[in-house]
Each structure stands twice: as C-alpha cells, then as structure tokens.
Amino acid sequence: MASEGATLGEQEPARGRGGWEARRRRVPYWLMLPAAIFLLILLVIPLFILVYTSLQSGGVFSGDFAFTWNFSNYTDQLGQYQEQMLRSVVYAGLTTLLALLLAYPMTYWIAFYGGRWKTSILLLILLPFFVSFVIRTVQWRFLLGDQGLIFGPLKDLGLLPDSFRVLATPLAVIAGMTYNYLPFTALPLYVALERIDERLVEAAKDLYSSRYEAFRHVVWPLSLPGVFAAFLLTFVPATGDYVNASVLGGTNTTMIGNIIQEKFLQELNYPEAAALSVILMIVMLILASIYAKVLGTEDSALAAGATGA
Amino acid sequence: MSEREDRQTMDSALQRAMGSRFSRRTVLKGAGMGAAGFSLAAFMAACGGDGGGEGEGGASTGPAEVFSGEPGDTVEFANWPLYLDQAKDKDGNVFHPTLKLFKDETGIDVNYEPVIQSNEEFFGKLRPELQAGTQDDWDIIVITNGRQFNVLTANEWVYQLDPSLRPNFDSNATSFAKDPTYDEGNKYSMAWQGGFTSIAYDTTKVNGEITKLDDLANPDKVGQNSVFMLKSDMPDFVMINLGIDPATSGPEEWKEAAAWLQMQKESGTVRAYGAQEYIDEFVAGNTNATMAWSGDVLYYKVWLGYSDFEFIFPEGGALLWQDNMLVPVGAPNAPGAAQVMDWYFDPKIATMVTEWVLYLSPVKGVQERILKDGDGAVEDGYKGYATKLYNTANNEFAFPNEELLGQTQFGANVTTDEAAGEWDNIFLPISQG
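As they're listed, the protein sequences go chains A and B.
Counting along the first sequence from 1, when you hit position 54 you're at 54 in the numbering used here, and nothing is skipped either side.
Counting along the second sequence from 1, when you hit position 1 you're at 310 in the numbering used here, and nothing is skipped either side.
Check before you lean on any hint, since a few could be wrong.
Claimed, not checked - Per label pair, the in silico range of CB-to-CB distance: (1) A/Ile150 with B/Thr443: 15 to 25 Å; (2) B/Lys397 with A/Thr68: 25 to 35 Å; (3) B/Ser616 with A/Leu126: 39 to 49 Å; (4) A/Phe71 with B/Asp488: 19 to 29 Å; (5) B/Glu518 with A/Phe71: 21 to 31 Å; (6) A/Val294 with B/Asp617: 29 to 39 Å; (7) B/Lys397 with A/Phe67: 24 to 34 Å; (8) B/Glu727 with A/Val131: 53 to 63 Å; (9) A/Phe129 with B/Asp529: 16 to 26 Å; (10) B/Leu714 with A/Ile150: 56 to 66 Å; (11) A/Phe129 with B/Leu613: 31 to 41 Å; (12) A/Pro105 with B/Leu613: 22 to 32 Å.
Claimed, not checked - Computed list of chain B residues with no C-beta within reach of chain A, every gap over 10 Å: (13) Leu539; (14) Lys673; (15) Asp726.
Since the hints were derived computationally from the structure, they do not count as laboratory data.
Beta carbons are placed, not taken as given, at the ideal position from N, Cα and C, and that holds for glycine.
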C-alpha cells in the first residue's frame, strides 16, 4: 500500500493528495481490524488449540497430555460414534425442515401483511427467547410430561392411551430443537421476504399467473437467499446441540454433542473430545459446502433459474 | 441472640434447608452448559500439558511443612450450595452459626463460598490452575469420591493432611468416614457429608414391592419405559447388587455389570439415563421406579407428604458416597484449613450442620444430640420443630445402623488412565447408545 501511495505521489505533483489516497485505501483494513483481532483471539487460536489437543495422547491420571501426532484419536472416534453422528445429522435435518415449514408461512405473513405491526409481531416471535435456553427446554418437560398439562387431561378423557408419551423419545428431542432454533430460521427468512418488491407479485398476476404460480416463480426464488441462510443458521448449531437430547431425550437419542460433552466433563479425555469436535466441524463444512453448491445463492437470478422460472 | 430466638431462626432455616436437599444436586440442571465457557481454559491447560508438571512440586513438600506454622487470618472454603447451617441475625443478615463460633474460638475468619455446582464443572475450572501450579484461591474444596477426586489425589494436586492436627476426627468420625476405600488412612481427605444411592419407587404404580435389582429389569413389575437410571452411579450400584465389591473390581467384573445393564436396556424398562433430573421425572410421575439419592426421596416422602414414595435398599445392597474436604495445592492458609476441617468433627458443631442440611453425617453422636434438641424444643413449646427433629433423628437413612451400613459399599476406585479408558469403554456405550 505504501509503495502504491509513493508511486501515485510521483505521478501527481500534489503529494498530500497521494497520501490521502493511500490512507483512504487503508480505511477498510482498519475497519476490519477489530473483527480480525476478535476472530483471531476467539476463533483461530482456539481452533489451533483444538486441533493441537486432538493430536495429543496421555490422560488425566498421569497428569500430562503430550503432543504425539496421535491420529488414532480420529480413527477410533470415527468408527465408534458413527451412529450418534448420523443421528445428529438426521435430527438436525428434520429440525431444520420443520423450522422452515413453520417459519416460512409465518414470516411471509409478517412481511407482506404485517403492515405497521411488523416489528411488534417479530418481537413477539423473539419474546420467548429472552428466557434462558435451558429453562425453556426444562419447561418443555413439564408441558410434555406423561401426566403433564397437555397429555394428562387428554389421557383422563380417554383420548390417548395411558402408555402414550412424547418425552424421552426422538420426537421430543426434534420438537424441542425446532422450538429452540426457530428464531434462527425465522429472522433470515423475514429479512429476505421483507425485501421482495410486492409489485413483482402484482406484475406476475397481471401476466395471468395464478397465486401459486406467482409464489413459485417470483416469491420463492427471491426468498432463496433467506432460505439458504436460515438453513445454515439452524442446521449447523442444531447438529452440535446437546441440551435438548439430554433434557428431553431418552434411551438411544444421544447426539454427538452429548458424547463430546461427556468425554470432556466426565471422562476427562480432552484429546478425544477435541478430535470428535474437529470431526464434527469437518462433517459440517462438507455438508454445508455441498448444500451451497446445490443451492448457491450468490445470484438470486441464478436461483430463480434453478427453480425453472 | 437468646437460645429461643436462635431456635426460631433455625426452624425456618430448617424448612428452607429441606428444599435444599435436592436443590444441591438439581440447582444447575444445565451444569454442562458451563462446558463451552471453560473449554478454552481447559484446552489451554491440556495444551500446556507437555511441560505442566510444576504444580506437583507443591505437594512434595509433605504435610508437616505445609500445615505447620501459624494459621492466616482467613480460610477460603468452597462448598456446594445450601450445605452449611445458616441463620439470620437481628438485622436480617444471613450468617453461619458454626463459623461464627469458630471465629469466636480461633479468631480465624472463614470465607465460605457455595460455588460448587457439580464435581465435573468445578474440577474443570480448577484443573488448569492446579496443573500450572498457580492455584491460590481456595484452602478447602469439597469433592465427591469418584473420578475427579482420584485425579486430584493421583496427581498430588491436593496436600497430604497432617494426622496430628485432627483430634476431633480421630475421636468422633464414623466408621464409614474413617479410612474409606477411596482414600486409605484419610491421607488426603476428611468427609463433609454423605448419602446413599439406591432405588425409589411409587407404590401405586409398581406391581407389588421392589425388593431386588432384577425388578428394575422386569416390565411386568415396573412397566415399560418407566425406570430412570443414574448414569454415573449405575455401574457401582449394579456391581454391589451382583455381589461384587466395587473396591476390588476389575474389567471382568465391570463387564458383568455392563451385561446386566445391557439386559435391562433390552428389557424395555429404561426410560432414560441421566443425572439429577431424575427426581423431577419421578415427582412428575414420568417414572414408576428410579435410581435415587436417599436425601431427595426422603425429603418428598417425610417432609412433603408424598406417602406413595418408597426408598429402599434392594437385597444386594446400595452405594455409599461422601463429599470430602480437600486442601488443594497452593492453598494460602493450609494450617487454618486443617483447623476448620477438624472443627466440623466436634459432635456439637456437626449436629448444628446436620439439623440444617440433613445429610448423612460423618460424625458420631449427632443422632443423640438431635433427639436431645427435640426434647428441648418440646419443653419450650416448639412442637412442630421438635417433630421435624425427631423425624430426622429417627430416619434410618439419615442415621443408618450397622446392619444397614453393612449393606452398602463405596464405588470402584479407578486410578489409572488405562483403567478409566476401559471403564468408559465398557459402560458408556450403554447409556450413549
């Protein structure tokens, strides 16, 4: 940058202007600096430590973990926890799908028909999330209890068999996750839908498209960037989630996040916990890249093309 | 404060304390949530593990040196929430009567902090400092016998205690508090309070009585999806009930216990594997039978009138556990810590604690003193309070006789990385399936 400034200075007699130009060019870098430092300290360094730890061997009883390029931490875990990894991806996938199905009509309505209440309604969606994540999830246990507020009366009325239960099943875990991650789905969707120019829908109707066709060829393609972002923001954290499975799950609902947590806190096996975290991260990256490739939305026109508009 | 006023405040304190019996273990349902917070620190420590042996130097100084000398002015005491007697003075300020008496006698202030919500979490926070040899926050910490405890002693991250500095302990500690299998000769630890892990069930929901471990694997007895298993306690509990002494058990015995647990899982009776949330599930009626900690169930049964709840020892016996006072390496006031620890083995002091926390006391003579306090309360006209004291003193699980104690054992002692790995490989696949 400095040499560029100098070159400019040589070409132009007014050196001051060249210096200003150079400084102006540096501005974006200065603006990026806080974020870069933030990411360096809170992402890059911990990531390095994570990978470093994942290649260690040793144990807490001998007091020491030593860096030994211990790749068996990876190979062992890959073999041992395939089931839980697959389960996490399936649960998170279903969660994301459900959240999209719930959030899309809701945000669509807010964006197009919310009028001056838009912000207030959006706030209503977020309101439950002012309460702690754990407390919300624990409350679900009371609501969904076998004799709880919902199923207790239904069982008393004979509408449900006595053995019916939702808690401690995969359904409870997926439902809990859907509820907890709904805002991460709703907000990007809302932003995308809110930006759509309503006149485009009117134009489509003027051109004799039905409501459905207008939605399919205009609204849906234009909302795809939102869908894309919502998917990632929901799917990625949901895959690593462990609170819902431990609070709402039962036998055979353990997710990979629970395994990592137990390895870390109970087993005190930090290298294996780290290796498993790295594996999870790589799996996420691969899935997200495939997803981006299939539904890349850098250009929403392209996305529109993909849907056959 | 007159004795009467004291008793009144104790009365309300007692009631609050009753609520604490389970809250001590349930208060942080999301204890695991802390994981994200301190994972970095732990990773850093793990990273520095290569050269992190400095901390061990402190322990090699030996007990006599560390505990000799004049005690400092304050002792920093980390314990679990609601685990110490408590009262209010005239201005409404909460204080701990036993610590006030200690200060009156020794002049030492104890800064008592109920900061331990779970062994895992507290250990996770402390480990990096212990490993780096920079721990100087605490003089006394309280950890349950188990893996974290064993890691602390194996690495000499806690000081060896000076046996000459515990006359009260020598004369008054109960049989189970003295020379426990996890700390022979009380080299590192002295018990704070303890309890039992066994079976609780709802008599209206179970077919007949539960008398043996196998009942928990019998759907005709307990129903389908209706038993809650305590993940960390179940291996030991099952071993004890299979006639195996956990203290001398090895991988072969562990596999035997795991086979039983697998059989139980396949029987379809298990609803979930977990930890402290078991009591909520049980009270909500989601489970018919559950592995349980003695204090939790007794609180509901004896004090809240859940008369359908039953807490029993199955034929094979039950698991005994203790929370233990330890002096972490780097403790700034080890001599003071030793004085505090022995202070709580004075029966008079221990009685004040037990009347408040209602756990299994490691001190002899507490039961008699509580009964005497009950008589005193009757004389003074505090009948309600007296009843509570009598109920506490006469509870067999709060004051077990030799026969009942004979049916209990401490858990296995895993003390090497190899054994820990093997243990985890054998037992975790069952709950993690």
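To see whether the hints hold, each was checked on the structure:
1. A/Ile150 with B/Thr443: 15 to 25 Å: The hint (15 to 25 Å, Cβ to Cβ) is violated, given that isoleucine 150 of chain A and threonine 443 of chain B are roughly 52 Å apart.
2. B/Lys397 with A/Thr68: 25 to 35 Å: Violated, since lysine 397 of chain B and threonine 68 of chain A (Cβ atoms, about 57 Å apart) do not stay within the stated range.
3. B/Ser616 with A/Leu126: 39 to 49 Å: Holds - the Cβ-Cβ distance for serine 616 of chain B and leucine 126 of chain A, about 45 Å, lies within 39 to 49 Å.
4. A/Phe71 with B/Asp488: 19 to 29 Å: Given range 19 to 29 Å: violated, Cβ gap about 45 Å.
5. B/Glu518 with A/Phe71: 21 to 31 Å: Distance hint for glutamate 518 of chain B, phenylalanine 71 of chain A is violated at roughly 54 Å.
6. A/Val294 with B/Asp617: 29 to 39 Å: 57 Å, violated
7. B/Lys397 with A/Phe67: 24 to 34 Å: 54 Å, violated
8. B/Glu727 with A/Val131: 53 to 63 Å: 45 Å, violated
9. A/Phe129 with B/Asp529: 16 to 26 Å: 45 Å, violated
10. B/Leu714 with A/Ile150: 56 to 66 Å: For leucine 714 of chain B and isoleucine 150 of chain A the Cβ distance comes to about 45 Å; the hint is violated.
11. A/Phe129 with B/Leu613: 31 to 41 Å: Since phenylalanine 129 of chain A and leucine 613 of chain B have Cβ atoms about 34 Å apart, the given range 31 to 41 Å holds.
12. A/Pro105 with B/Leu613: 22 to 32 Å: For proline 105 of chain A and leucine 613 of chain B the Cβ distance comes to about 46 Å; the hint is violated.
13. Leu539: At about 13 Å from chain A, leucine 539 of chain B clears the 10 Å cut-off, so the statement holds.
14. Lys673: Per Cβ check, lysine 673 of chain B is outside 10 Å of chain A; nearest 34 Å; holds.
15. Asp726: Non-interface label on aspartate 726 of chain B violated, nearest chain A Cβ at 3 Å vs cutoff 10 Å.
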